[in-house]
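> Listed below are the residues making up each chain.
There are 2 protein chains.
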Amino acid sequence: MDIAVLGTGSVGRAVSARLDQLGHAVALGTRDPEATTARDDHAAWAATSPGVRLMTFADAAATAELLVNASSGVVTLEVLRSAAVGDRDGTVLLDISNPLDFSGGFPPTLTVKDTDSLAEQIQREFAGLRVVKALNTLTAELMVHPGTLPEPTTVFVCGDDADAKATVTGLLESFGHADVIDLGDLSSARGAEMFMPLWLRIMGALGTGSFNIKVVR
Amino acid sequence: MDIAVLGTGSVGRAVSARLDQLGHAVALGTRDPEATTARDDHAAWAATSPGVRLMTFADAAATAELLVNASSGVVTLEVLRSAAVGDRDGTVLLDISNPLDFSGGFPPTLTVKDTDSLAEQIQREFAGLRVVKALNTLTAELMVHPGTLPEPTTVFVCGDDADAKATVTGLLESFGHADVIDLGDLSSARGAEMFMPLWLRIMGALGTGSFNIKVVR
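Protein sequence lines correspond, in order, to chains L and U.
Heads up: the first sequence at position 85 corresponds to 84 in numbering that gives the first Met the number 0, and the numbers run straight through without jumps.
Heads up: the second sequence at position 166 corresponds to 165 in numbering that gives the first Met the number 0, and the numbers run straight through without jumps.
Don't take each hint at face value.
Counterexamples of contact, computed for chain L against chain U with all Cβ distances above 12 Å [said to hold, decoys possible]:
no.: 1; residue: ASP40
no.: 2; residue: GLU64
no.: 3; residue: THR90
no.: 4; residue: ASP113
no.: 5; residue: ASP184
no.: 6; residue: ARG200
no.: 7; residue: GLY203
no.: 8; residue: ALA204
Facing chain L, a subset of chain U residues (Cβ under 7 Å, in silico) [claimed, not checked]:
no.: 9; residue: ARG30
no.: 10; residue: ARG189
no.: 11; residue: ALA204
no.: 12; residue: ARG216
What the simulated footprint calls covered on chain U by chain L, stretch by stretch (three residues with Cβ under 8 Å from a Cβ of chain L suffice, anywhere in the stretch; the number is not a length) [as the list claims (entries may be wrong)]:
no.: 13; region: 31-44
no.: 14; region: 101-110
no.: 15; region: 171-179
no.: 16; region: 190-199
Derived by calculation from the structure, the hints in this document are not laboratory data.
Backbone N, C-alpha and C define an ideal beta-carbon position, used for all residues, glycine too.
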């Protein structure tokens with residue numbers, strides 16, 4: 000599949016590298032490709048994923064069959080505007096972002112919560128996209144290599160479009176996720192996003208982000 | 000131990016019955032013992048836990064060595080005032096409540112979130128208590144009989160007092176919980192309480208509340 004990953008942080012890198020490894024055609028979108036290329040650690044990373052093509056948000060998104068929002072939640076809407084995803088009606092957007100504001104230090108606050116979610120904000124602004132929230136509940140490496148944990152764990156999909164959720168579920172399964180729970184319509188993303196404060200405290204308690212939850216039933 | 004359980008809903012019943020079974024002296028506090036006794040289903044339940052003594056909130060709390068808040072989050076502060084727990088300086092309060100407001104239907108909203116928690120509200124109003132948040136992240140029966148799930152799962156403790164957390168952890172272990180993660184000070188209860196929206200959506204997806212999360216690491 001022709002996939003655009005928007006955002007070059009740890010999530011964007013992990014997801015784009017994994018998609019490349021799985022044989023997809025991957026465009027990695029960034030605000031300023033020259034600035035990204037100039038980063039100290041970029042060349043070493045890029046060498047491990049030679050198939051990933053770095054380009055502007057708009058160029059990356061222009062022809063992709065699937066969009067992945069891997070940007071930080073506080074800039075997500077701005078990134079999606081830069082990517083002109085309003086022109087991509089019908090396209091599936093996998094939204095991995097978390098609406099966390101770290102500007103006041105730790106713990107971060109949520110910029111949206113309880114009666115709304117960032118995923119719903121995206122869906123409202125870009126009504127033609129088919130937004131699916133997923134993978135925001137675990138750390139970047141485990142999103143795409145869940146098999147490094149000692150046993151299978153759980154991830155979630157939230158969205159209003161059943162076909163879009165099926166597409167994303169298939170992608171998650173290709174990453175190695177064996178237990179994908181469909182939480183329902185996109186308003187269920189509120190729950191997935193509000194999991195972050197607990198996730199952050201568990202990370203603090205364990206001293207590592209290398210964990211995930213398994214829904215035992 | 001002499002324990003007062005405040006609240007006669009599903010949580011208060013499950014916890015008081017289990018504590019009675021484990022040999023503790025259990026007082027079950029309610030607003031109006033006569034009204035509680037008159038409930039259709041009370042006699043049948045009480046017959047299964049003959050050692051649990053039903054009394055007013057204040058009578059139950061008066062001499063208890065450990066207090067358990069099993070009331071609904073929207074009435075918790077009022078219940079604790081009725082129980083006069085402000086007179087019980089130094090006593091450990093295990094707070095199981097969730098700040099959920101169902102008055103607008105499903106999904107409920109959180110009455111406090113993100114930058115504060117119900118547990119912290121309790122601690123601020125009753126500064127002499129040693130508040131520990133725990134067990135609010137799973138359904139009543141699994142709080143006290145986690146062994147009915149097919150494998151061990153995780154619960155959390157949050158609080159400012161290490162000895163109080165050790166007391167509650169011991170209680171949780173006596174219920175059968177093998178993995179108790181100490182999330183840190185009482186502000187970590189924000190994370191535990193904000194897990195509820197995700198819990199409720201998982202319950203909706205699975206069609207049952209008989210599940211719990213296991214932190215796999």
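> Now look at each hint and say whether the structure bears it out.
Hint-by-hint comparison with the structure:
no.: 1; hint: ASP40; result: 26 Å, holds
no.: 2; hint: GLU64; result: 27 Å, holds
no.: 3; hint: THR90; result: 25 Å, holds
no.: 4; hint: ASP113; result: 5 Å, violated
no.: 5; hint: ASP184; result: 10 Å, violated
no.: 6; hint: ARG200; result: 4 Å, violated
no.: 7; hint: GLY203; result: 6 Å, violated
no.: 8; hint: ALA204; result: 5 Å, violated
no.: 9; hint: ARG30; result: 29 Å, violated
no.: 10; hint: ARG189; result: 5 Å, holds
no.: 11; hint: ALA204; result: 5 Å, holds
no.: 12; hint: ARG216; result: 4 Å, holds
no.: 13; hint: 31-44; result: violated (count 0)
no.: 14; hint: 101-110; result: holds (count 3)
no.: 15; hint: 171-179; result: violated (count 0)
no.: 16; hint: 190-199; result: holds (count 8)
When each numbered hint is compared with the structure, violations occur for hints 4, 5, 6, 7, 8, 9, 13, 15.
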